[in-house]
Amino acid sequence: MAVTRRTGILIVLCIAAAAIIIAWRPTVLIYGIQQAGLYAAIAIPMGLVLGIVHIVNLAHGEFMMVAAYATYFACKALGMDPLLAVLPAAAVTAGFGWIVFQLTIKRALKAPELNQLILTFGLGIVMSQGVNLLFTSQTRKISLDYVSASMDIGDLSFGIWSFVFVAVAVVYAYGLKFFLTRTTLGKAALAVGQNPRGAAIVGIDVNRVYGIVFALALALVGGMGALFITKAAIFPMVGAPFTMKSFCLVAVAGIGNIPGILGASVLLGLSESILRAFRETRGWADIVFFVLIIVVILGRSLKWSFPLKGRKA
Amino acid sequence: MNRNLARILAALAGAVMVTLPALAGAYPLQVARNIMLYMALAVTWDMLLRSGQISFGIAGLFGLGAYASILAVLRAGMPALLSIPFAALLSGVVALIIGFLILRLRAMYFSIVTLALAEIFRIVIQNLVDFTGGPEGVIMKGRIFGGSDSGIYWLTLCGLFVALGASYWFEKSKIHFALTAIRNNEVSARTSGVDIFRWLLLAFVVTSTIQGFLGGIYVQSYGFATPDSVFSADFTLLPLAMALLGGIHSTVGPILGAVLLGLASEYLKLQIPYGHLVVYGIIIIIVILFMPQGLLGLFRKATRGGKGRAS
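As given, the protein sequences belong to chains A and B, one line each in that order.
With the numbering used here applied, the first sequence corresponds to residues 746 to 1058, in that order.
With the numbering used here applied, the second sequence corresponds to residues 168 to 478, in that order.
Okay, chain A solo, but in the shape it has when bound:
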């Protein structure tokens, strides 16, 4: 089968590349993996929404940005640690997402796909510009001691805090897989994703499932928003690149293939990390995702034997 052979070649290539990088500059590999974890943890909820609700949420990164801002102000006001805010942030963002879904996206579900794209684009603009309006474009950051924790192996020293993103990404991916295949609600969601009409016929309330899945995805995004602020500075436009990179990863993995997002983000994170390692190529790192999306999607569209709607998670 073409899929397995291609995957096999890809894995061999990845291992070879990783071996070369380890021998040459281990920190590049480590930071690449950490970055990959961050990308994957943000992309997985988008993959969930795209696979089940069939909506490209162009406001995806903006939802994370809003969650990060909410966490920031909550932590500033209460003197709380952002880590404690992960679960509340997830809950609040899920509620926010539920409301946004009921008020806007639900009404556009029956509309042409392009209307949904423009709608979520508009939502993203409202969120990023709304934050810009309320809190200005000043960057904000919380300094935390444990973020700068580092580890020494021989003469090699590197930050370890960002491995938390990797852990979260893995938990998200396999937690979702468990949810979708083992729980009743998850199975219903999967059925709706595969065939909404068929799911409705067997008695699943499709719109309710859509709402729940959207809220669940936003809970995951909200949790990441709280975690994101431990590491990075935030500003109103901080979410936008994550929307595009998340879509890139979801498309590369194939819609519906949630664990595949992990592999795709390793590819993206490592490539960016390699480019960032050199002064001359540092500025070009943000172009990788574009090259990736073009190459992979075109490769697929040229070979129709390789459908975009691939395996379901």
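Simulated from the structure, these hints should not be mistaken for laboratory data.
Take these hints with a grain of salt, some might be off.
[Stated by the list, open to error] Computed Cβ-Cβ distance ranges for the label pairs, DEER-style: (1) A:Arg770 <-> B:Tyr335: 56 to 66 angstroms; (2) A:Lys932 <-> B:Ala180: 55 to 65 angstroms; (3) B:Arg471 <-> A:Leu823: 57 to 67 angstroms; (4) A:Gly1044 <-> B:Thr186: 54 to 64 angstroms; (5) A:Lys886 <-> B:Ile439: 19 to 29 angstroms; (6) A:Lys851 <-> B:Pro246: 52 to 62 angstroms; (7) B:Asn352 <-> A:Lys922: 30 to 40 angstroms; (8) A:Ser893 <-> B:Pro246: 51 to 61 angstroms; (9) B:Phe391 <-> A:Arg770: 38 to 48 angstroms; (10) B:Tyr441 <-> A:Ala894: 33 to 43 angstroms; (11) B:Lys436 <-> A:Met982: 18 to 28 angstroms; (12) A:Met896 <-> B:Arg365: 38 to 48 angstroms.
[Claimed, not checked] The calculated lysine-lysine pairs, modelled on DSBU-like cross-linking and capped at a C-alpha distance of 30 angstroms, are: (13) B:Lys339 <-> B:Lys468; (14) A:Lys922 <-> A:Lys821; (15) B:Lys468 <-> A:Lys855; (16) A:Lys922 <-> A:Lys855; (17) A:Lys922 <-> A:Lys976; (18) A:Lys851 <-> B:Lys468; (19) B:Lys436 <-> A:Lys886.
Beta carbons: idealized from backbone N, C-alpha and C, even for Gly.
Given chain A, work out where chain B should sit, using these hints.
Coordinates of chain B only, in the frame set by chain A:
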């Protein structure tokens, strides 16, 4: 009756446009120029939308044209007036190459790739520091026509007429039928012998060429270009909101939307210097949810009692 009314309105608008430089001062001219520029961009966005493809890449091609024009003047010593068609040509060629790749994508894939275009072009420009001036951008010694307001006004008007002319051509020639067929149903269009890829490529290249042309005009009238200014998301967002508000799939809709939102934006800019774009986001959401055919659609419904167009 209705057609006559439209003609009278068009004639009136034309008269106002032609006499404006003689009557109005610098500030109204500046506002008029902005509106015309965004109007032209809105029309080009709508031209591609008629084929059912949403492009979020207006700012990308626009900024590319802007840089092509200013760099042609600065680096190659090209006359300013000639650099504008050169910018159009370059944007067209780039669009042809990119179109060959990305027009095989459909719907959301196409849209997202175009959304990334502005960002990609910006990164490329920013990294070619020696040639493009990098993040600080480049400044010309003087503006076109010695910075004469009326000269720049006529130039922008010329850009607008190019866009409107192309849109009219798209509406009245067989391109209209090809694009509408593709938008309605690709499979049935293909079975009727419509070469989908060719028509989409034509629409994409023509609209990108005009966007590059407008970028050239924009940069020549301000005399400087930085990645942040010419690839600004405004150049995607405003035309999109204008076309949607006015009514998509027509030439009149974007014009109407551009006049309304263009005037409103001048007011908003003064009231809310930062974050006034939030209004455009809200307009986009409201239009998509409650009046997908825009103001023009509402107007048609009101005048014809809900019946569709005769033709």
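query: Is the distance from the Cβ of Lys886 (chain A) to the Cβ of Ile439 (chain B) consistent with 19 to 29 angstroms?
result: Since Lys886 (chain A) and Ile439 (chain B) have Cβ atoms about 26 angstroms apart, the given range 19 to 29 angstroms holds.
- Regarding Met896 (chain A) and Arg365 (chain B), is the given constraint of 38 to 48 angstroms on their beta-carbon distance met? violated, 58 angstroms
- Task: Look at the Cβ atoms of Arg770 (chain A) and Tyr335 (chain B) and judge whether their distance stays inside 56 to 66 angstroms.
- Result: Hint holds: Cβ distance 59 angstroms, inside 56 to 66 angstroms.
- Holds or violated: Lys851 (chain A) to Lys468 (chain B), with C-alpha atoms at most 30 angstroms apart: holds, 25 angstroms
| message | The hint says 33 to 43 angstroms between Tyr441 (chain B) and Ala894 (chain A); measuring C-beta to C-beta, is that right? | response | Between Tyr441 (chain B) and Ala894 (chain A), where Cβ atoms are some 37 angstroms apart, the hint holds.
### Task
Take a look at whether the Cβ-Cβ distance between Arg471 (chain B) and Leu823 (chain A) falls inside 57 to 67 angstroms.
Distance hint for Arg471 (chain B), Leu823 (chain A) holds at roughly 59 angstroms.
Check your understanding: Does the hinted range 51 to 61 angstroms hold for Ser893 (chain A) and Pro246 (chain B) at CB?
Key -> Since the Cβ atoms of Ser893 (chain A) and Pro246 (chain B) sit about 56 angstroms apart, the hinted range of 51 to 61 angstroms holds.
- Would you say the C-beta atoms of Asn352 (chain B) and Lys922 (chain A) sit inside 30 to 40 angstroms of each other? Check passed, 36 angstroms falls within 30 to 40 angstroms.
Given the hinted pair Lys339 (chain B) and Lys468 (chain B), is their Cα-Cα distance within 30 angstroms?
Roughly 23 angstroms separates the two Cα atoms, so the pair holds.
Assuming the hint says 38 to 48 angstroms, is it satisfied by the Cβ distance from Phe391 (chain B) to Arg770 (chain A) or not? holds, 40 angstroms
Do the beta carbons of Lys851 (chain A) and Pro246 (chain B) sit within 52 to 62 angstroms of each other?
-> holds, 56 angstroms
**Item:** Range hint 55 to 65 angstroms (beta carbons of Lys932 (chain A) and Ala180 (chain B)) holds or violated
**Value:** holds, 60 angstroms
Going down the numbered hints, you'll see the structure goes against 12 and 14, while the others check out.
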